[in-house]
Amino acid sequence: MMDKAFGGRAKAVSRIIDTAPWGEGATKRFLNCCALYRIPMAKETAEEDCLEILAKCKEIERSLGRREEIEFDKEGRRIYHDRTIDIDILFYGTETIDTESLKVPHPLISQRDFVLIPLREIAKPSLRAAFPELFD
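Numbering (this note's numbering), first residue to last: 512 to 647.
Source of the hints: derived by calculation from the structure; they are not laboratory data.
Hints may contain errors.
Mimicking PhoX-like on lysine-lysine, the simulated pairs with C-alpha atoms at most 20 Å apart in a straight line are [what the hints assert, rightly or not]:
#1 554 x 567
#2 515 x 539
#3 569 x 554
#4 635 x 539
#5 522 x 567
#6 614 x 567
#7 614 x 554
#8 515 x 585
#9 569 x 635
#10 515 x 567
Using the sequences provided together with the hints, build the complete structure.
Written out as structure tokens, the structure is:
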């Protein structure tokens with residue numbers, strides 16, 4: 512579905528890893544992987560491109576049964592729920608996007624081994640050089 516949405520096959524896909532749930536609220540184990548797509552800029556800004564990519568990801572999630580249930584506890588921490596699928600945009604080249612609905616690079620990458628392990632398998636040298644704190 513992502514290949515179709517992004518107009519071509521993934522350039523790299525990590526192995527799939529089985530991990531325990533992360534965060535408060537989720538109870539089921541997850542299967543995680545990372546995929547690398549080269550998506551040419553279509554809009555005037557990286558932010559516009561990323562928001563379009565996000566919309567495509569959300570459409571795929573909804574088509575596979577994902578229902579958005581964002582909740583927070585009394586201290587303002589997010590409560591996570593089990594879900595059928597979760598597609599995150601980790602990077603868009605070396606661009607930084609900071610909007611209310613999207614932050615790229617994804618702000619929680621460094622806290623999530625379920626992201627770091629597969630990401631390190633497919634990260635290109637340019638990404639490693641741009642974000643050495645994640646790849647050392």
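### Task
List in ascending order the numbers of the hints, as given earlier, that are violated by the structure.
Violated: hints 2, 4, 8, 9.
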